[in-house]
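Protein sequence lines, in the order shown, are assigned to chains A and B. Every letter in the first sequence is one number past the one before it in this note's numbering, and letter 46, counting from 1, is 105. Every letter in the second sequence is one number past the one before it in this note's numbering, and letter 374, counting from 1, is 377.
Since the hints were made in silico from the structure, they are not lab data. Don't take each hint at face value.
Estimated spans, in silico, between C-beta atoms of each pair [unchecked claim]:
#1 B/316 - A/72: 55 to 65 Å
#2 A/86 - B/162: 38 to 48 Å
#3 B/292 - A/113: 15 to 25 Å
These figures come from a predicted structure and were not determined experimentally. Quick reminder that beta carbons are idealized off the backbone N, C-alpha and C, glycines included.
Residues per chain, in single letters:
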Amino acid sequence: MKEKEINFEEAMKQLENIANELEKGDLSLDESVNKFEEGMKLSKKCNDFLEKAEKKITMLINSDGEIKEEEFKIEEN
Amino acid sequence: MEYNPITVTDLNKYIKEKFDGDEMLANVLVKGEISNFKRHYTGHLYFTLKDENSLIKCVMFKSYTTYLNFIPKDGMKVIILGSVNVFERDGVYQIYAKAMKQDGLGSLYEAYEKLKSKLSQEGLFDVSHKKKIPFMPKTIGVLTSNTGAVIRDIINVSTRRNPNVHIRLYPVPVQGSGAAEKIAKGIEFMNENKFADVLIIGRGGGSLEDLWPFNEEIVARAIYNSEIPIISAVGHETDFTIADFVADLRAPTPSAAAELAVANIDDVKETLRLYNNRYKIALKKRLELMRLSYEKQIARPAFKNPTQKINEQYMLIDMKVKAIQSSIQSKISEEKAKFIKQIARLDTLSPLKTLTRGYSIVTNESGKTIRKVSEIKTGENINLRLVDGEKKAKVL
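Excised from the complex, chain B in its bound form (with noise of 0.2 Å):
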């Protein structure tokens, strides 16, 4: 008898030869329960999709992970579309994922994405009616989990931005079901106690079942009726809940959401400070401005020589009085000498000169001055006007 074995390449490379051949293996639609969850290091994921009774490997290369709208992690249920294939090295046939989405989250999709629709239809996400968060606010409310890191988180980065700030934490379940309920009386109870200046709700990331209560409706309207400013910080910065929507400030986490309510008191401190100092300088300047202005008025004349300009005013008067009597003087002078020139040419014209001369006026009784013989008449009396005297006469 003789044995006519194959190698093991080649039983391997047969069964893929199958494989391959085979149109139901090559185009598969499976469900099931991820486990044993790797991502290696090149970006290929690796894990194990199984069910109660059965499991079959998985492969799912880099280039095909970009289209997941998801982390994949273990325990997750998803559903698979790929081919199985042979892997003739190490004998094993395998899944090769081509995409991969989340099982059961069908509804909750439908619901959260017609939730949405209504809610903005409504309103309820609109800008206008977001209240603006106070700058320093003296209570933060927070409703999250009392144990966790939410709380601790918000604690930390608030108190390291603030020291003195109030926290005050209403506990309400983050997951499961009544935790949506309980949130919304929450958001309500702290509004009608007038407990908060902000409110902080938020969980830490999950699931979206885990997220679920942030995505329910009597937690939307909650929020939206709330009188006190709400910060949402559900989940990871890329999970949006119907929450994050309405609230009027979506934080990415609670790290942030506490950094959003709580200003850095040391920034506040040096705005203070800057101001004060803003307020010096402006009044000094104010004031220097005040004393050159004084300074330049009391530098001009009317100030440094006050009585310069009575001086001049004196000057003035004096000069006047110079002119005035000056102009006299000469009208004076001039009159006079007028007046010599008057005299000196009646003295050419005077009859007194001629009488110097020997010559005398004959004037008759009456005084009229005898200019020709006919004039008179014998035995007439006659007056002789000589140079030194009068003399009577009686005409021969």
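Excised from the complex, chain A in its bound form (with noise of 0.2 Å):
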């Protein structure tokens, strides 16, 4: 799964099934080290799409068709 294709509701879905599979206390001490280890990592990918993801604030214009993209700035009054 590439960084970009994380859908954040579903690994934050996760993150809770894995929390209450842990806190249940009735895996194995591998499962247990298992999916302590799969719920850090996916933490550290929803961590990392929060920070890595970009300030932009733009406008489409569309003029004869040809689409293009510009920065928007708010006209100050």
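Hints in hand, dock the two standalone chains.
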């Protein structure tokens, strides 16, 4: 799974599931460690997604069917 | 010549009586445009109603204002029901409005209601068709005017909640003729190009005419057909447009729309941090439990004193051996005692014992013991057994 393709909502749901499984405590130690690692990886992925997102405020301009995208600045009054 | 003037008060009183006696003035329905509108702090409304050529003062007392279904403003065309009375103190007459409605909107309202019920019957407002707003959209498409407060509010709120958000504005006119078509086209355009994960369409507050593009069928259908979830934010909280009913989510204001579209990144990070903590605590607890269980096992006698069991077995063997030994021993001594007793008994019965007392045993030649005289013949060889040996003899 590439970083960009992360479905954040699903990742969060999965994080919750993993937490519940770990807390239930009926996993073997091996399974627990695996789940822990899986959760940590997922959490890092989510965090990276948040950190690496770029601030962009753009405006689409459609001139004669040709689409351009340029930076949008709020006009100051 | 004698003047007989009346007072101003009397005059105004007279005029007032004239007005009061007029049935037509007691119940007038009049249309015009509002100007000089003032809402007094007491809640009463003061304004002037005018047309191209004339004007008249108007007052609407607070008790009647609660029935208004709009907020009167300068320039609005209205129809007023009320009475015309004289305000004696100032010598002016004015309309005392009891009810007021917007004029010229009749056809718009009708169109609105008609379209609303038509689309509702078609299922365009169905909750089952509404799409979920994504929790963390990468790109937020905004369809609104590129000038004005709406886009500014959306950008401000969005970037405050998530500094790294991507907002993609597709500028559209939000009022006037042709606006509806352009809004609808914009929604289709964003869908075709997959230019956003969620769309906000909206505009600021305004009159019913201003908001009208968002009440048009073409916009409603574009919203319904959009694969990208749409949040509508049209006008003020009290304005409900057709677009609001079709949209997947209605926001009361553009700022609220931004809040609904953009998750607060601090909250999300905090949630992630909480998960990390939960994992760590859960794993630590698991390890602790394993350690306790290990310690409990290791503290059991089998591990703590592994030779104990063996020693115990040795002891048991020893005990058994001892028991066997002693039982054999006792058997031996028992048998021995029995034997001695038998020997002693034998001894008393033994003829040898009798021999020691001087008796002897006589046997014939074939070894048969002779008990009676009749059993021996003269001249027969016999055998005498004495205590210390045997001797042969001949009977005389």
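Flag every earlier hint the structure violates by its number, smallest first.
3
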